[in-house]
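Listed in order, the protein sequences are those of chains S and E. Heads up, the first sequence is in our numbering, so the first residue is 717 and it goes up one at a time. Heads up, the second sequence is in our numbering, so the first residue is 717 and it goes up one at a time.
Derived by calculation from the structure, the hints in this document are not laboratory data.
Copies of one chain are not kept apart here, so a pair can be met inside one copy or by any two copies together.
Below, simulated DSSO-like cross-link-like pairs (lysine-lysine); rule was C-alpha separation at most 30 Å, straight line:
{"id": "1", "residue 1": "K719", "residue 2": "K1257"}
{"id": "2", "residue 1": "K759", "residue 2": "K1239"}
{"id": "3", "residue 1": "K1254", "residue 2": "K719"}
{"id": "4", "residue 1": "K1226", "residue 2": "K759"}
{"id": "5", "residue 1": "K821", "residue 2": "K841"}
{"id": "6", "residue 1": "K1091", "residue 2": "K1081"}
{"id": "7", "residue 1": "K759", "residue 2": "K1254"}
{"id": "8", "residue 1": "K1091", "residue 2": "K1016"}
{"id": "9", "residue 1": "K1226", "residue 2": "K1239"}
{"id": "10", "residue 1": "K1081", "residue 2": "K1092"}
{"id": "11", "residue 1": "K1239", "residue 2": "K1171"}
Number of protein chains: 2
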Amino acid sequence: MNKLTVKEEDGTNYSRLGGRALTSKIIHDEVPATCHPLGAHNKLIFATGLLTGSGASSADRYSVGAKSPLTGGIKEANAGGITGLTLGKLGIKALVFENIRDDFKIIHLSKDGVQFADATPILGKDLSETATWLRDSYGKHVAVWLIGVSGEQKMNLAAIAGQDKDGEPTRFNGRGGLGAVAGSKGIKAIVIDASGVEKNRPKDKERFRQALKQYHSWLMETPGTAKVLPELGTAALVETTNALGALPTRNFSIGSMEDYKNITGETLRKTIMERGGEGTPTHACMPGCIIRCSNVYVNKAGKKVTGPIEYENIGLLGSNLDISDLDDIAELNRLCNEYGIDTIETGGALGVLMAQNVISFGDAKAAIEALHEVKKGSPLGRIIGSGADIIGKIYGEPHVPTVKGQTMPAYDPRAVKGLGVTYATSPMGADHTAGQTVRVQINHHAPEGQVNVSKNAQTVNTIWDHLGMCMFSSGAVQNRWDILADLVSGYSGEPFTGDDMLKIANETLKLEHTFNRRAGFTKAQDKLPDYFYEEENKASKTVFDVPANELETIGVTRNDL
Amino acid sequence: MNKLTVKEEDGTNYSRLGGRALTSKIIHDEVPATCHPLGAHNKLIFATGLLTGSGASSADRYSVGAKSPLTGGIKEANAGGITGLTLGKLGIKALVFENIRDDFKIIHLSKDGVQFADATPILGKDLSETATWLRDSYGKHVAVWLIGVSGEQKMNLAAIAGQDKDGEPTRFNGRGGLGAVAGSKGIKAIVIDASGVEKNRPKDKERFRQALKQYHSWLMETPGTAKVLPELGTAALVETTNALGALPTRNFSIGSMEDYKNITGETLRKTIMERGGEGTPTHACMPGCIIRCSNVYVNKAGKKVTGPIEYENIGLLGSNLDISDLDDIAELNRLCNEYGIDTIETGGALGVLMAQNVISFGDAKAAIEALHEVKKGSPLGRIIGSGADIIGKIYGEPHVPTVKGQTMPAYDPRAVKGLGVTYATSPMGADHTAGQTVRVQINHHAPEGQVNVSKNAQTVNTIWDHLGMCMFSSGAVQNRWDILADLVSGYSGEPFTGDDMLKIANETLKLEHTFNRRAGFTKAQDKLPDYFYEEENKASKTVFDVPANELETIGVTRNDL
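Could you build all of it, start to finish, from the sequences and the hints given here?
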């Protein structure tokens, strides 16, 4: 077994990079693109955003990056909660994990340094139990990252979990199997203790204060961030996408669901409110967040079941499986959280199994039982754990809603074509957070203009990922990035402009495409599965018809690489 | 369900192309490279070699080609037996299957045309039972192609079976999952009835006779084809590769086996001879074959178990699994044949499952039980059916001996480096028949010269695949291709030179690489898995160290594409 060594490095060279800009830079520079994602040459990087810990609303996110075992390309997944924030408090910009090992460790970070402990006591347990054990062992004040039974088994849909402000391990770096990379490196949990450390304060207080005031006022003025998201959460989208014919239903075969009223944001809110008890339709994952899009879902007795139930979870674990009972969706959601698996990839996986009649569409009981197999690591559990794309290969099913091996989030690309462009061309594979276009004012059914819309969204999302900001603030900020630059300048004391942010975002995308190109990606992978071009989505009455030569202008074949 | 239509096309434009040269030409010209291998746009092509049916020894092979669901690239797999020969008797140069369907048909070809029948009565049955049913239904004189339960389930390791001269369905187009492509197109069996058809005779009898005499005399003079292969079969190689440290053992972790004496060609022959009964160590799959490398293996009572037991099967189902009892290997071999699955891919799959302790190394009973799951289509059966590469992804195992998704045949590329070059650079993925170098006089452990050796072997194998010739004749013919050209000229009556053959072979390789490049392959896929470069094979004391820049001169990045 490899010796455990810790090396501290000066981050000065990276002072202008945070979040995804930093993880992608390190991966591009240091990871051989063709290496095995679960082998010794891959690196796993946790990096705080430039604004993480600044006190700005919705800006405490952090990124995790690596070469992905799911896509085979570069990957970044970010999340909120308090763990990134706590890492930043220690003055640590990034954690970089190298090499692999066979046993599992708990890594403890504090102002006194790093310590390693045997993780055996928490192996095989559910995430909530593990998080409780860690807080019982290390103190209620620590923040944790951890992987679940899926990450221990190096499954493609394994996520990394951080904790929210209430200590729940429910904030996920969900996509791309980064939990499997953590598993390959023997990282079961990272415990961060920031006690005895001074709070980071803005270097240029006045500048920061001014910018913050402006930024927060926008968040509080804009209907999306001030009212819709706090009241209905992301589930507000169900009405929108169902009307567009973009709500994935029955393994992305159609874009609307007869029973969709059962799973809307309104119904979700009403259910939680009526049941009372521990439930709340409005919950912040990060302290001081104005948007508070999260929620806590409860059973009929008012006892907490899971949280948050988000739009993507409803779309993938609900309509995509022809399941329209919120209690069933909540139980699937809970199991995903307990096992540390990505809800989107899990819904994609179950959808393909349903298309193959291994489980029946709409059979929530069977879907729940199937998820239990993930924990057991039985053959069926391993199959689910490998993700939708591989399940398609195992069962010979051509209807598999993936790009670069990754399941599409809950927007049928025939009905939100800008997202189809993002799925096809993003270095991240099918990922709405890499270039969300559903809120753009455009005819989502028309092919025209979607490449520009996606290109812009991909850049904006990269800026947000760089700063550690939640993408939900982008509707309020729009393209007034200078305020964000002022926040960064005020916080860091270093000059920073909106143009700098744009430049770094574009440079980041370029590094990511370059990595993927080295890893073997070509325009042949910058496409959707055949059936989205050929089989009409009967709800939207459209196929995906953005021309291939337009896609080539922004994907891995773009001219400036 | 799609209507069944039959279209007859004039083959004049393709008169100089046969076997692999023809299948690859059609795939290159007509199949969209990024299409789903099991979707409507893929084509499945059966093509006879230019010498098939001519009466030349070991020259009745035929090729099957398609885009492979296993590799995602172009694929050709050829086999002997009598079915290709019988197709040629009907004057049919190639069968091209388009589109997909959900039900299964039996396709009957005779001089009176094509007929389709419902295949329901033979679904789910073992191959030997199916072949018997077909001969009982259509007459003992017909020749058949068929797929097994694996092809019905569209598994990646599904093969297509033809029959040998005794009517046994044991000649396999094994590699690349072509049986799954047949399954996707609803082809359960093709029955060919050549009764009432005149035998094809050489157009230039004298020229053909002269060349044939020369060619046959070489086969009868050369120790390999005259003595070693007829006596010991391909299993003669066990001694050679074990001594080289190239015999894959315990999931390609080392290249020699302690008990290798139990599985040598000598032991195989001795066992068959001693047991007597229905067994024979020397058997021809094609009528008139001088080499007769096949065999029939029997149990202690002299009853037939399976046949043939070949070197690759011993290496992959034996040493690679740490199994050294010929009766166990024979039973695994038998199950592969009955279920219509590729023995190499199956051995690779079981090897990775053993590396993951899903089954224990050396546990033949468990391996046999696991194979039964393939027929059942249980989750474990589906996992095995997906092939070694995907199993690596399902279990997070980096030690997976595949290139372009396909399991290496029974030569550790650290110890036979020319084959390592072939594995890395052939358009076919890891495939010894695409460029066999083990019999070349070279230091197989040294990196020097291997690229040239492989390049030459890749060309020669392509020539052989074009003509429908068995690669085992190449040792006798060496580079005296003019005799082969004379055979072709004599048989077809058209001018044909050795240079023509060379040119067509090189053009075929070029088309194949071009297809793969369009399908998304780059030099990133022209490599072996990391561990062959980094972890020493303790038997050969070598790693694979042929420089990457040398590989680039002959793979998908070669300059002339």
